[in-house]
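Chains X and V are the protein sequences, given in the same order. For the first sequence, the working numbering gives the first residue as 390, with consecutive numbering after it. For the second sequence, the working numbering gives the first residue as 390, with consecutive numbering after it.
Be aware that a few hints might be false.
Since copy identity is lost for identical chains, a pair holds within one copy or between any two.
With a straight-line Cα cutoff of 20 Å, these simulated DMTMM-like cross-link-like pairs (lysine to aspartate or glutamate) come out [what the hints assert, rightly or not]:
1) Lys568 - Asp590
2) Lys592 - Asp566
3) Lys660 - Asp476
4) Lys568 - Asp788
If you're looking for bench data, these hints aren't it; they were derived computationally from the structure. Here the structure is a predicted model, which is why all the values come from computation and not from measurement.
As a plain string of letters, each chain reads:
Protein chains: 2
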Amino acid sequence: MQHSSSISGCPPAKSTPTMCSGPTKKSQLTSVKACEMSQNALETPRGEEGPGNSVYLSERGNSIRLHEGILQEGYIQYGMDRHHDTDNPDGIINMGTSENKLCYDLLHKRLTKPDMLHINPSLLQYSDWRGHAFLREAVAKFLTRYCCSPNPLKADNVVVMNGCGSLFSCIAAVICDPKDAILIPTPFYGVITEDLHLYSDVKLFHVPLDCEADGKDNRPFRLTVRKLEEGLQRAKEEGLTIRGVILMNPHNPLAEIYSLKEMITFLEFAKRNALHAIVDEVYMLTVFDESVTFQSVLSADSLPDPQRTHIMWGMSKDFAMAGIRIGTLYTENRDLVEALAKLGSFHGVSGTTQHQVAQLLQDKEWINEEFLPENRRRLKAACSYLTGELLSMGIPFLDRPATLYVWADLRKYLQESSFEEELSLWKCFLRHKVLLSCGQAFCCSVPGWFRIVFADQQHHLQLGQYQQHS
Amino acid sequence: MQHSSSISGCPPAKSTPTMCSGPTKKSQLTSVKACEMSQNALETPRGEEGPGNSVYLSERGNSIRLHEGILQEGYIQYGMDRHHDTDNPDGIINMGTSENKLCYDLLHKRLTKPDMLHINPSLLQYSDWRGHAFLREAVAKFLTRYCCSPNPLKADNVVVMNGCGSLFSCIAAVICDPKDAILIPTPFYGVITEDLHLYSDVKLFHVPLDCEADGKDNRPFRLTVRKLEEGLQRAKEEGLTIRGVILMNPHNPLAEIYSLKEMITFLEFAKRNALHAIVDEVYMLTVFDESVTFQSVLSADSLPDPQRTHIMWGMSKDFAMAGIRIGTLYTENRDLVEALAKLGSFHGVSGTTQHQVAQLLQDKEWINEEFLPENRRRLKAACSYLTGELLSMGIPFLDRPATLYVWADLRKYLQESSFEEELSLWKCFLRHKVLLSCGQAFCCSVPGWFRIVFADQQHHLQLGQYQQHS
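So that you can see chain X by itself, here it is in the shape it has in the complex (with noise of 0.2 Å):
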């Protein structure tokens, strides 16, 4: 983690921005297509109660229609200009959304075998709204063997649903009554906002993690248990009911990775206050440097509160899957279980899915033969591409051996240190066609940092940054 201490101090933003220099031609052209999508969407008569409200909604469903993440106008402009090598070489390049784009032949390959095109009578029935019986087995085994739990975990602590966003809308849902809160870090993965509200009207609680390094250990954003009381602290004080506590390793944007002992403190904290811990390891295999071990808090010997501490891992990050939705939570909490059982038929994943998952996370010598070591070679070598390029840039970026993003400090670039600059950065980055995540979508404290995805072909990072230099 040699370039850590490099933003250690975090001086405040001086440097005049050079990166961007205003609308080009090209970007005006984006904008008049933006404009375009607008005007299609308002030919369609609608009735209009409010600003922006629609007389057919609900007030519920206006405010779940009108919710945008700040990074939506990014998202929508992508969609209309998406990078494409040949069909589209101007086209805007996706360094925001943590996909990992890098594997796709060795997924081709494994998904195309026979073995994936297994139909049985049970595969088209209604099944377990917890996931069929044979792949929460899989996922126990799994889990079992890559969290390195000393006792085999079981299939019946498994509950399997499409994506972790549904694993968290069902579990605010049950733990929580509407208006509640969960205590989180920020940074985090800003979704988790929507995951949390849109449905079931729970709060996040954020406990500001600091820029600055904390001590003598150089950890920018270092997250401490006292942090953590401080934050349960300043919420009661605010009267609201804190149900639980989002924990994130390896963390995500800051793709930090907490030691056990380190878990374990936080998972004490949260059994002192009597919280729930939902732990996310989605990106638990996604760590390219062999030298580092990622410890899940399953390898651990027992759990302070295990009654109260649930893990979540899926197919999304580790094996570049997002579109595949499965999201899997382990919990020994019965109740939990049986409470998320009857919303799980809203968050069901079809058999054959189901089928072929199982498949994967059975094949142990794929993984450990095939997919994970080609996948962590890959993920080294696009990560050094990207941090060589940020360093020969000046641009100070937390190093971390995991994830498929890098935490990087654009401060010197803002004119001032507020959020709107940093909003008007990331606004010129998409202009010149590189559409990233800053820091205020994750609710970071303090402005200028952005998540910058670098799990993609070199050639896009290459041009990704010929493009910020344009």
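Position chain V against the provided structure of chain X, taking the given hints into account.
Showing chain V alone in chain X's frame:
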């Protein structure tokens, strides 16, 4: 529909029940098994706040967890003791779940063709939460053809989710505020209650259809605009905010097919009262008498209130694939589509499944030449077999050439006309290893009616009949 007249007049239950004669030795064993399962469930330590309440869950979570449909116990027993021709020949026959088990061979043949094993990068990546464009286009073309739409339906008006239950939940969430209600004639497919309530906190307001024939045309449980108007009036008197009405055609559980003219009068009722009309046509291709024509509301030249008319269809019934988790919505209302898209991340379908379904829906030859004719032929034979048995037992039923079940009048087996007696009869069937759905699970206003699913191998239906007499 020659037999529908046989129940006109609906004489009160008189006959002594002869079908069931109390628990047999085998059924006592079943009860022991059921107890064992409850015991096992209790082995894990639970925190209890009140009777059945868990300290780990919120008030809402406990309410979700403890929510039980009246038939829950039957499905638990069935889960532990499923009939299997060779492995468990004395197990429970499921004539309760509306699944078509007659066409597995046709589906297996088609679903294992090489075109089903296609993989491309976009199938493995995040996609449009309304469904991939290729699938929405396939659905639009499919519905245009099979609903006989006078104009081509548009892919932009299609939303694909993992099942119609998800669509019900989402629509309720965005057209209703919590505690608002939606009208529904009873009896109705009971699971809709949970679809609307569990996540979205929306109620159903029941409009009871009388089981007596209405006037001269011998249509028991006849849905009329007058009944809808009266229901709406009663709801208003109770201070409820009614935001919509659910209409099913063909109906579940009545299997009634409404003419387009009738449907338009219902839609005009909805328009007059500014109600959303959610039109569930999931059985539209499951009409097995070729002399009977089903007309989708999408075949109308114009809809009374197109902005408030939303049509559901899916793969579960018409393609005998409940396990593939595909529900589709067609609506011209852009606001609704936008709001549903925001909730779509919780109801996403695997890209590989979306590909498979699009392949099927585009395969006009397979649908028209292979699947539909053979499916109709088998359903017709199965229905004839079951209704023949019912006739021979003197059990009246609604004779309709559609859906996967018949709605049968078992009132003569009730000692007295009460829902307790109905439940006793249902339990008696279960002890004799036949799982049915009793009318109270569908909020039927008169006790003694049962939904009997016939879409299974004849020897299962035979066995069912045999066991009923044992």
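**Request:** Up to 20 Å between alpha-carbons, please classify lysine 568 paired with aspartate 788: within, between, both or neither.
**Result:** neither (37 Å within a copy, 50 Å between copies)
**Asked** How do lysine 568 and aspartate 590 come out at 20 Å by Cα distance, when the copy is not named: within, between, both, or neither?
**Response** both (6 Å within a copy, 15 Å between copies)
**Request:** Classify it for me, lysine 660 with aspartate 476: is the Cα-Cα distance of at most 20 Å met within a copy, between copies, both or neither?
**Result:** For lysine 660 and aspartate 476, the Cα distance exceeds 20 Å both inside one copy (54 Å) and across copies (47 Å).
**Request:** Pop the pair lysine 592 and aspartate 566 into one bin, within, between, both or neither, using alpha-carbon distances up to 20 Å.
**Result:** Both. Shortest intra-copy (10 Å) and inter-copy (18 Å) distances satisfy the 20 Å Cα cut-off.
Violated hints, listed in ascending order, are 3, 4; each of the other numbered hints is respected by the structure.
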